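Add chain B to chain A, keeping to what the hints say.
In order, the protein sequence lines correspond to chains A and B. Following this note's numbering, the numbering of the first sequence begins with 1 at its first residue and continues without gaps. Following this note's numbering, the numbering of the second sequence begins with 1001 at its first residue and continues without gaps.
Just so you know, the hints here were simulated from the structure itself, not pulled from any lab data.
Here are the in silico distance ranges between beta carbons for each label pair:
no.: 1; chain 1: B; residue 1: E1025; chain 2: A; residue 2: Q908; range: 24 to 32 Å
no.: 2; chain 1: B; residue 1: S1408; chain 2: A; residue 2: R383; range: 49 to 57 Å
no.: 3; chain 1: A; residue 1: L862; chain 2: B; residue 2: E1025; range: 31 to 39 Å
no.: 4; chain 1: B; residue 1: D1117; chain 2: A; residue 2: R891; range: 41 to 49 Å
no.: 5; chain 1: B; residue 1: D1219; chain 2: A; residue 2: E892; range: 55 to 63 Å
As the structure is a prediction and not an experimental result, all values here were calculated from the model. We put the beta carbon where it would ideally sit given N, CA and C, even for glycine.
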Amino acid sequence: MIGSPDLVAFTKEDEYGETNPDPWALPEEFSVPLYPLADSNPWAKTSYAKFTKDFILISEFSEQVGPQPLLTIPDDPKVCGTFDLNYFSLRIMSVDYQASFVGHPPGSGYPRLSFVEDSRVVLGDSKEGAFAYVHHLTLYDLEARGFVRPFCMAYVSADERKIMLQFQELSLRFSQASECLKTGNRRAFAKELQRKLRDLEYTRSVLQKEEGLQREAGPQGIYSAHVVEKANELANVEKSIYEHRDLLRQISSYPRRPRRDPHAVTCPKCMTECLSECEELLDKYATLANALNYTEKRENREEGEGRAGEEGGEEEDEEEEEGVKRRPSYTPQLIKAKSAKCFDKRLKTLQELCDETFYEATVELLKETERSFRGDLCYLHTRRLDRALRRKQQVTNFLFEEDPGDEDEEEGGTLRPFCAVNHAVDNNTLTHPPPIVLCPEPLELDALEPLEPLDPASETSHTQESELGLGESHLDSSPSDQTLETQESSEETKGSFSSEKSGEGQAEGEQSLASMKSEPPDPDPDLTPDPDHNTDPERESSSEDIETTAGEDEADGGDQTPVSLLEGVSELEASREDECEEPGESRCEGLTEEVCETDSELLVQIDTACCMAQEGFLYDASVPDSVPSLGHSSHPQPPHSLVVNQEPQALLPLQGDYAVGSPRSESPAAGLELPVGSLGDAVSRCSAEDGSDCTMSASTGSDRAASPLGYGGVVTLRQRKKAGQGALKFVRQYPFALQALWCLLSGRTLVVLGADEGRVRRLVAALALFVPGPGRCGERVQAWLSCPFTLTDLQRWKLIGLQRVASPVGSSMLYSLSRYSRYISILDADQKTLRCPPYRGQLLANVADHRTYIRRGSTYFLHVQSTLSSLAAKAFLFTFTHHLHLPVSSREGPEGVEARRRSFLQEQLGLGEEDSQILLYLSQLITQQYLQPATGGSAAAPCFSFNYTTSVLYKI
Amino acid sequence: MLRWILGGREAQSAVEKSPVLCIGEEQPKNCFTELQVLKGHFDIVRFLVQIDDFRCASAGDDGLVLVWNVETGEKLLELRGHSQQITAITTFTCTNGDTPHTSLITASSDRTLSLWDPDTGNRVQTISDLQSSVKCLLVLERLCVWVSGGAELCVWNKDFQLQCQRQNHSDTGVTALIELPKNCIAAAMDKEIVIYRLTVSTDSSLSVAEIRCLSDHQDYIRALINVNDGLFASGSHVGELILWDATDWKILAYEHILWEESQADTQAEIRLGAPKPSEMSIQHLTTNGKLILAAVGSGLYVYSILTKTVVAYRKIAHDSNVLHTMLLSDSELMSCSEDGSVRMWEMQDLPLPAEPASPGFFGMWSFGRTNKQTGPPSKKIMEIPSIRTLELTGDLIGHSGAVQMFVSFGEKGLATCSTDHLLILWKNGERQSHLRSLALFQKLEENGGL
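If we strip away everything but chain A, and leave its shape as in the complex, we get (with noise of 0.2 Å):
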């Protein structure tokens, strides 16, 4: 089926396997590999593929229709341009190495779930000029063939070295998915057994009750042909009735079944829910089957006689297991009952195969994937590098480089152990309806309680019961009824499933039915089922043993080469999978804790707010300690995290203190406008500024837009290197920018004071750049103030826009300002002056030259990060280093540690007076962020440290 030359072979790139251990060499995940073809041009559109970009595609094998498309992702036709998706869909279905073995096996009598491990394989087409990572998957699916029905996704690119390379990170991605569309395939699967198992129930009940009517009107003894027919037809509910229930077991089992697939990582709650669930249904209709058993002792007399019917029985089994769910009409059928054609059947769709909140989630993941795969190999690769680089120093990220957390929104799921479920989410949305994830006993059953005949005596009248509450369970009945209509005709063309099954089916009824019989009528529910219990385990590892080896081999082999090629990044991965796999759940936790807290904190602070004419007094605890304490949690938010959602409105009262406690002559909305959703906006003002606006004189008035930096957003990569643009304009139009940012990374409060707020915001959004820890979401910058500030504002904010103002309200505000001079440094944009303690030192020359070559904000900006990250790394060296802060011998005083600190920051690091206040400051911001989750954070003020000098007044 698959041209061999379309088989990439993964051997082909050997030489990355085979390193020669250089000790000076870089550790391999920091190595770039060079490009291989040194005489290509490496920017030359290699392929003449018909799409443009990459994409994800999901195809299943349809049991009707064969191979199809099911959907793209970007779900967009441009995206795929002329390529044909069909065709496509056929080929990457015809490499399924999933050891799909339908039916049972023999030896074991109930139709047996076949536990299969996803297969990966890299596929290419090079007549369409594609590439596919392929990753097949089977759900399970009660009316599909052999209960399964076998789908692929697939990531399409033109690029094949671009799969190679990152083969191990999409499987990694692509089994995520798959496990989230399994786990909620198992639910929506176990659901329906369970509705099915009930409408089981009832047939059979139905049957009972016929059956013994028809007997004692008999003569004693003498059985008709009828009543045989009806003994048979209640022989084979009742087997259908066990197998079922076999099945809910097997799915039961199914996560607790040791894993080959070293992707398969399942979220551990989601696995526990879905466990505990299970086990609940499992108990439930043990009982159920523990109250048949009381009641077969009479029957078992005709199994020999039943037993001669099976071979028909199976059929009319699996026409009635269709047939029961039309319960409202449903009336037990004397005839042989007719089986659907599987053509005419309509199968579940993806979406209803898996639960609704599983699919959505694995569409949400699998659009992350694709996005973090944009761009081509050589990014993706330096991409990789920083992370990893970036992993290494968590101490110190915080400081200059953006939020972890942010930047796992932006690159999906690779770093945290896989849930794309959004449990706070789920926590807080679905106890409304819920589903058998929270309900201990859920609602669909509990209408359907007086179903379960535990007492046979009464058992009539709950038949009753249950049929005046049918209108209720038909809700549930699956969307297969809809074409129920055409079933009652189909008789003969019931899949192989039933033909192949009966032999086996025949054994395993005979086996179980003769070990009940054995036994003495149990009046003890809990009892019964053990056998099957005790028995089963090894059975089921057994044949799965059989099924997953023979699926794993292949996989294995499209595992292994791969793995070889990028050994020390799955290692990597590996063990940073092992890290990240306990905080995670907690993580779901702490999460929807913290919204609660942010939450009441916002509930208090109106409160109070009222009785307040001070402004900004009572608010302060609440979004400077909560969202640091955020971003101090070096693990990746999820993609939506509720805290960040939930500031906007945090932060409220603030500034509705401020409109509260000054009259401003500012519009009101200058100080409540949120920045949130301008933020797209401001972006593309700013790129479109970017190229005309050199000098900075912005044309007034039209301003009015938002800084990309402030509340209620995340700062992005993108904004940052923005904001590139705009420092390299600062410094090299502000000949005391040297001294401005020598301010912001001293921790010197620099207050940008202007008329004009374009202006003031664009310079704010700049320099922002330099402002050391500036929290996930710029909590320490201000980008537009028209009120006076207090102490415990310069606390919080290191860089603030403000408002000159020529009114009485300004005038309180130069009077803070004046007030407050010892503690902050003045830009002043519309006279071009800067008021700050001097500074002569040598260590931002580099970032701050005026007469700089660099032209491109981006360069710049990658330029300050580098000088940004060593200032970092001396920093960190410098709070760790024990001699420095500690004496080394009980004699030494404190004066010894302060020569040697001073030493090693002058003479070792070559640091002046001045450069060594920045490596302090950035020494104590790393010293608080270390110790800030010991001291509880919220509990005990901010600290605010200054220094008492002399600032002199800087001109162009």
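Relative to chain A, chain B alone:
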């Protein structure tokens, strides 16, 4: 200096007119390089009480009493119970067995008195049926009783049982109370100081008797302090400072502060006319046994008990009334004022008679003084050779309202409370940074590495 900041001309002149006594931003002797803003009160914070060496309690017009950890800046407890502003607060140390236990007694305008346990936050005792609100509290630890002063003088035992009480004839009631030897207490009532004696009768019941009324002050008495075992001092609204003998209640010295000043600086006074009473009112007195520091209007006067003279003064030390002062040592002092600042001063010997204080310091007074440098001041210095100058060594700016009070915790820092509802902890930045480093390495060790 700030001209460049200011947008309009009017604002400029307004700022320049204000007589800012400015030390500038370079303050090498000021070690408070770190601060923590403590929030919790909803109204003016008027009182700070030190509980032990790391805790203090703050109380104010919101009726709340908050207990703070000064080392960390954490709010330890909120003592809620008073519905109106707190009028007096004091600590009450009771020795149960070997361990002394400190409690807090608070009095409020809602006419209640409460005893609090600052360890648990429990309101241990409360008395709510008072006829008038209590204005001052005095603990007599020796007798294990405490006295509340208001419209009446009441003596309570440690279990909050009223021992005896005495109605007052004056309208204002008792505004200040101090303990004197021989079981006596002095109570300031309007212009008089009344001496009471507590007698313990044989059946261990207490009685209080008025034994003397000292009416030598010409105006309302604003401050009453114990100086040492044999002396106490009082200050009045018109600037009289009287030093009394604690045992026979005789006047040992009478200093009319403003009179002293006007004599030294006659021309200046004539030029400016008579000062308003508020400018010479003694707001606060503090002592270390050798020196008395008086806050007079917006000025500071240091009075030596030994020589019975003013040894150093700064007529305008703040822009507004000084509310609280403290002598840190024999030469260092601290003051806080309605202008929102805390200032630290050092008494320095004048190296040369002619050396003036920096001209700007005296604000509006400076014209007169600088012109006459060779005149009376030098003469005065020759008359009183021990006079020294008060030099500003640092100021703490942070509060946006009047600084009501401060409490020093030595090297652990300084707590200030203010009308702006805030407390600020001022600390030595270097010490804090060292402490944080210690904590860092300790945590590093606990965690076994990064």
